[in-house]
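Peer 1: Residue-level listing of the chains:
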Amino acid sequence: MNKLKKVLNSQKVAPYVFVLPFIFVFLIFWLYPLANSFIMSFQERLLGQAPKWKGFDNYTKLLTDKVFLKAVENSVVYMVWTLILLIPFPMIFACLINSKLMWGREFFKSAFFLPALTSVVVAGTIFRLIFGEMPGSLMNSILSHFGMGPFKYLKDQTLSRIALLTLACWRWTGVNMLYFLSGLKGIDQEYYEAAAIDGASSLQAFKSITMPLLKPTTIYVVTISIYAGLAMFTESFMLFNGNNSPKNIGLTIVGYLYRQGIEKNKLGYAATVGIVLLVVAMTINLIQLALTGMFKKEES
Amino acid sequence: MSKTDYQSNLSPATSDEAVLLNEIHSKKKKKDLPLKIALCIFFSILFVLIMLPFYAVTLAAFKPGEDLIRYGLNLKFDLNVMSFDNFIFLFTGDHAYFTWFRNSLLLTIVQVTLTLLVSAFVAYGFAAYEFKGKNFLFICVLLIMMVPFEILLLPLYTLIYDLGLMNTYSAIILPGIANAGTIFFFRQYLRGIPKAIIDSGRVDGATEYGIFFRLVLPVMKPSFAAMAILNGMNSWNNLLWPFMVLGDGDKFTLPIGLKTLLTPYGNNYDLLIVGSFFAILPIFILFLCFQKYFIDGMTAGAVKG
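In order, the protein sequence lines correspond to chains A and B. Those letters in the first sequence? Residues 1 to 300, by this note's numbering. Those letters in the second sequence? Residues 1001 to 1305, by this note's numbering.
It is worth saying that the hints were derived from the structure and are not from the lab. Note that the Cβ used here is the ideal one computed from N, Cα and C, for glycine as well. A couple of the hints might just be wrong.
[As the list claims (entries may be wrong)] Here are the simulated BS3-like cross-link-like pairs (lysine-lysine), alpha carbons at most 30 Å apart as the crow flies:
1) B:K1036 - A:K100
2) A:K100 - B:K1031
3) B:K1221 - A:K185
4) B:K1076 - A:K109
[Unchecked claim] Just a sample of chain B residues kept apart from chain A, beta carbon distances all over 10 Å, derived:
5) R1102
6) L1105
7) D1204
8) R1214
9) L1215
10) D1250
[As the list claims (entries may be wrong)] Quick list of simulated restraints, FRET-style, between CB atoms:
11) A:F38 - B:S1170: 24 to 30 Å
12) A:Q189 - B:D1199: 35 to 41 Å
13) B:S1170 - A:I39: 22 to 28 Å
14) A:V67 - B:I1041: 44 to 50 Å
15) B:L1143 - A:F89: 30 to 36 Å
16) A:T60 - B:M1166: 30 to 36 Å
17) A:P51 - B:D1094: 43 to 49 Å
18) A:P212 - B:M1166: 47 to 53 Å
19) A:P212 - B:E1130: 32 to 38 Å
20) A:Y32 - B:K1221: 30 to 36 Å
21) B:D1204 - A:L289: 43 to 49 Å
22) B:S1170 - A:P212: 45 to 51 Å
23) A:L47 - B:P1282: 34 to 40 Å
24) A:F89 - B:E1130: 44 to 50 Å
Extracted from the complex, chain A is given alone in its bound form:
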């Protein structure tokens, strides 16, 4: 017993004891499922039954599966719009709120952060009711002042996308703004003084000082936005109150994975969806990182 204690306490063995829980979790709850997912994507598999080997059948079927392509379209469109709406605007808001001219900075910062504290379930419920099809719902009553509507938001492709994006902007503008604010904190004020002496306008200073120096923050926010956008599911699940939206206007890639795997119990086919999602997400992010010169920076 004492000997074991001594071995465990040696500085050679102790580090392995410390990282042991991670090794367990990594092997059992990450590597094994991931490998299994890869294997399952070549099989026909039902929960609790012996698998059947299918080769590339799942993949060829998936790439011509119209419903899947619709889901990919929905996820990609959603992701692209979150990039358009949730990167530049929070960046500008962060710069404005950071300015010395701003009154009540801390108050606004906290207030804009509040939506991020609500769960997708609560936020989704609220927005489902705001975008309700009744003439009295918040959105319809606002639009009626402008002589428009009433609309059935959640039964129309474009309108339901707007509803989803409104929800995303409501929840994430404040958080992304905080990311940019913490990036701004790291910029030396002297750059701006130098620019002022050279007679640069605020816009010029923004373009040639703020934007380039915020690049690492921007790259980080873009990277997580791409993943979050492509893997979005719960927002749509709540907004449409389930995974079945009319004509699949709200179906996402993960939604399709969920439908095939959990609702239809086709685990093999669903695993294929997961692998395709992984490949798409990784590819887009690698392209993004290459374009923004992330790798070059590491070399030099």
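Position chain B relative to chain A; hints supplied.
Peer 2: Frame of chain A, contents of chain B only:
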């Protein structure tokens, strides 16, 4: 706009520059007021837009659920239909809300405590020692952070099924108990802690684990707060994975329970809004008390890069 402003207490390099800066500054000052007002108006409008949904929910909490089904969520302030009935129903009615609430609270507390302890334990191993395979293992931590969890949903589901953990809280706690993001954050934090603490512990004859538990853990408090909030929010708000593995109504968490109310039968809508209201409230109160840690926790990712 403001970016050309400078901190007046900074002394510029030469007197020429100082004169120039003062000139720029005084010119700016004259233009400042309209800009200030414009900024204030702009952010106030944004503030109103962001608060609108909260205001609508608060109003709806005082209205009968029937109203909600008929008119949707709106801003009508009508004292004739507004009452405390929903709140009374929440506290005295026959429903499972507080079972869900208790389940969520319990799960969040247990999950956060275990995850933080185990992750800190692992992070200390990475931060305090040099050992064979360390770099490889750390790349594994980064790999986990780079792959979206949703991809593992199904194989993890079959694994939980095979392990016989369906319908247990272990199925929710175990897969994330050594959380990659949390390990990464703690390791970064621990690298800033002086090695002298560890050495002094060894001189005093403490074991390697005693050093961690008695000397290092107490120093990690600020990083614990930020990670507790990040993990706590994720746990409290998590829907998808618990929804998949918990089938038993008695074990439902608050998000699952609220989700089941989203069908307009019976008293569901009476409970839905007032229940959502009460699901947000504890987090808002915590946020008001621990704002700094919330912001540190939620933006922890940005320091990763």
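Peer 1: It remains to establish, for every hint, whether it holds in the given structure.
Peer 2: Evaluated hints:
The straight-line distance between the Cα atoms of B:K1036 and A:K100 is roughly 9 Å, inside the 30 Å bound, and the hint therefore holds. Straight-line distance between C-alpha atoms of A:K100 and B:K1031 comes to about 13 Å, which keeps the hinted pair within the 30 Å bound. A hinted pair counts as satisfied when its Cα atoms are at most 30 Å apart, and B:K1221 with A:K185 qualifies at roughly 24 Å. Note on B:K1076 and A:K109: the hinted pairing holds, with a Cα-Cα distance of about 28 Å set against a maximum of 30 Å.
The claim that B:R1102 lies off the interface holds: its Cβ sits roughly 17 Å from the closest Cβ of chain A, which is beyond the 10 Å cut-off. In this structure B:L1105 is separated from chain A by more than 10 Å, as the shortest Cβ-Cβ distance comes to about 14 Å. Every C-beta of chain A lies more than 10 Å from that of B:D1204, the closest at about 14 Å, which supports listing it as non-interface. Distance to chain A confirms B:R1214 as a non-interface residue, since its nearest Cβ pair spans about 14 Å, more than 10 Å.
With 10 Å as the threshold on Cβ separation, the claim that B:L1215 sits away from chain A holds: the shortest Cβ distance comes to roughly 14 Å. Listed as a non-interface residue, B:D1250 keeps its Cβ farther than 10 Å from every Cβ of chain A; the least gap is roughly 19 Å. The supplied range of 24 to 30 Å is met by A:F38 and B:S1170, whose beta-carbon atoms lie about 26 Å from each other. For A:Q189 paired with B:D1199, a C-beta distance near 39 Å keeps the hint of 35 to 41 Å intact.
Separated by about 25 Å at the C-beta atoms, B:S1170 and A:I39 satisfy the suggested range of 22 to 28 Å. Our hint of 44 to 50 Å for A:V67 and B:I1041 holds, since their Cβ atoms are close to 47 Å apart. For the pair B:L1143 and A:F89, the beta carbons lie near 32 Å from each other, so the given range of 30 to 36 Å is met. Distance hint for A:T60 and B:M1166: a CB-CB separation of about 33 Å, consistent with the stated range 30 to 36 Å.
Against the hinted window of 43 to 49 Å, the Cβ-Cβ separation of A:P51 and B:D1094 comes to about 46 Å, which satisfies the hint. Between A:P212 and B:M1166 the CB atoms are about 52 Å apart, so this pair conforms to the stated range of 47 to 53 Å. Taking 32 to 38 Å as the suggested C-beta distance range, the pair A:P212 and B:E1130 conforms, at roughly 37 Å. A beta carbon spacing of about 35 Å between A:Y32 and B:K1221 agrees with the range 30 to 36 Å that was offered as a hint.
Taken as a hint, the range 43 to 49 Å holds for the pair B:D1204 and A:L289, whose Cβ atoms sit roughly 47 Å apart. Between B:S1170 and A:P212 the beta carbon distance is about 48 Å. The supplied range of 45 to 51 Å therefore holds. Range check, A:L47 to B:P1282: Cβ separation about 37 Å, and the 34 to 40 Å hint holds. Take A:F89 and B:E1130: their Cβ atoms lie about 45 Å apart, and the range 44 to 50 Å holds.
Checked against the numbered hints given earlier, the structure satisfies every one of them.
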